[in-house]
Amino acid sequence: MLKLRYFAWVRERIGKPEEEIEPPAGIATVSDLMIWLSQRGEEYAHAFENPTVIRAAIDRAHVRADAAILGAREIAFFPPMTGG
Amino acid sequence: MLKLRYFAWVRERIGKPEEEIEPPAGIATVSDLMIWLSQRGEEYAHAFENPTVIRAAIDRAHVRADAAILGAREIAFFPPMTGG
Amino acid sequence: MQMAATVRLQCEPFDAGSEAAKLRRGRGDIGAVVTFTGICRQDEAGAPLAAMTLEHYPGMAEAEIVRHVEAAERRWPLLGVAVVHRYGRLEPGEEIVLVVTAAAHRQDAFAAAEFLMDYLKTRAPFWKQVELAGSGRPRGKIWVDAKQSDDALADRWTPRRAAE
Amino acid sequence: MQMAATVRLQCEPFDAGSEAAKLRRGRGDIGAVVTFTGICRQDEAGAPLAAMTLEHYPGMAEAEIVRHVEAAERRWPLLGVAVVHRYGRLEPGEEIVLVVTAAAHRQDAFAAAEFLMDYLKTRAPFWKQVELAGSGRPRGKIWVDAKQSDDALADRWTPRRAAE
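Respectively, the protein sequence lines represent chains B, G, U and C. When you line the first sequence up against our numbering, it's residues 33 to 116, in that order. When you line the second sequence up against our numbering, it's residues 33 to 116, in that order. When you line the third sequence up against our numbering, it's residues 81 to 244, in that order. When you line the fourth sequence up against our numbering, it's residues 81 to 244, in that order.
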């Protein structure tokens, strides 16, 4: 099982802050996971409609979309950060 | 009469913080004034022994050594500043 | 060279003066302290603001800031760093973020404070949502867009690659 | 854009927090406040310090600082500036100088604070004399030499000519 966490408008569009999923075989990268998620329903399609603006973290470290998800326990998706 | 003011080690070498002088005709610039002052005694010669390091202000504004002293009321001599 | 480092996320207001005093306590080698305070303005891109809510990624946010404080320590001879970032709902005039850097010389303290702020703006997992003050009725909440100018500022510190 | 500016020379200690609070009072357009505090270190070039005495040129020092504050206002969209410079005898750990800059955005506040400090270091008529702490007997007083590195920092702001 893989824990997914969503923040800011990604969370709002999907309608929940987190969930546990079991990605099917063949989902190797963060990018693959976004494509797979966006096919799970309208809310996901809306959240990931422009995947190039979505940032991701694996186990609480920033990663690029081509990062491998093998071994990940927690993957987060969120818009560009606006802290500070 | 022209008021001269000295600060930091220029003041210490000359032995006084200020004085009034009447520069002779022909003393046109700050540089001329330094040369003339350095001939007034050992303490002045010591203070102005390396005129290129001495900074000057006319009427409380920084000037270069080639600045004209005509009309000046107060001229100050001091080492490079070390504030802040 | 021993360094005091504080990283804290909190809802509550902070006190810049006491954070700076803590860094200086008991040491005489500090010659320069730079304090940056980020404040919630009363407008966002010209629109009047009722409030701002800061969402963060608990667990990751603190770790990211610690990582950047460590990067600053490697880069400049710092004698103390404190970063306090608030989350939750803030009203105009309230303080959002505090960065304090202490060093023997001012250039190091200034550079490290700017570096930390640039990275907090672009890499720390916080998201700002603003509530605009409508004329009569509330005009809803808007997520603040990341600024390209902030990315450009952050890129100053890594001239070869934008992201680590 | 109205700006609060404070320039003060004094023997007494200052309070950075209250100077910053004064700049912010009653206005909601400030998004960034940078505070620089310069502190008397316990050593000068490795030699232990008993105290430092700051001499200044009364009348000129304040005018020079005001002139630089005005230059900073022309250069950056500032919403407030405070400069407090102490003179007289200071012991290690005591604060020497305070610069506070307020702006809507952090880059302007940071740049103006650095600009003002660089100019205070090289152009404001202050001179530091240190008393070294000798082993047993006083080792006398020494005028601090101006640093070429400070001149270089000040020159950043006037790329074409070093002096105005």
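Honestly, the hints are just simulated from the structure, not real lab data. Treat the hints with care, as some may be off.
Think about it this way: if two alpha-carbon atoms lie no more than 16 Å apart in a straight line, the pair counts; the simulated EDC-like pairs of lysine to aspartate or glutamate are [claimed, not checked]: (1) B/35 - B/51; (2) B/35 - B/106; (3) C/221 - G/50; (4) C/221 - C/95; (5) B/48 - B/64; (6) C/221 - C/211; (7) G/35 - G/106; (8) U/102 - C/211; (9) U/221 - B/51; (10) U/102 - C/225; (11) U/221 - U/124; (12) G/48 - G/64; (13) U/221 - U/142; (14) B/35 - B/74; (15) C/102 - U/123.
Here is what the structure says about each hint:
{"no.": "1", "hint": "B/35 - B/51", "verdict": "holds, 6 Å"}
{"no.": "2", "hint": "B/35 - B/106", "verdict": "holds, 5 Å"}
{"no.": "3", "hint": "C/221 - G/50", "verdict": "violated, 22 Å"}
{"no.": "4", "hint": "C/221 - C/95", "verdict": "violated, 29 Å"}
{"no.": "5", "hint": "B/48 - B/64", "verdict": "violated, 21 Å"}
{"no.": "6", "hint": "C/221 - C/211", "verdict": "holds, 5 Å"}
{"no.": "7", "hint": "G/35 - G/106", "verdict": "holds, 5 Å"}
{"no.": "8", "hint": "U/102 - C/211", "verdict": "violated, 27 Å"}
{"no.": "9", "hint": "U/221 - B/51", "verdict": "violated, 25 Å"}
{"no.": "10", "hint": "U/102 - C/225", "verdict": "violated, 31 Å"}
{"no.": "11", "hint": "U/221 - U/124", "verdict": "holds, 12 Å"}
{"no.": "12", "hint": "G/48 - G/64", "verdict": "violated, 21 Å"}
{"no.": "13", "hint": "U/221 - U/142", "verdict": "violated, 26 Å"}
{"no.": "14", "hint": "B/35 - B/74", "verdict": "violated, 20 Å"}
{"no.": "15", "hint": "C/102 - U/123", "verdict": "violated, 21 Å"}
Violated hints, in rising order: 3, 4, 5, 8, 9, 10, 12, 13, 14, 15; the structure is consistent with all others.
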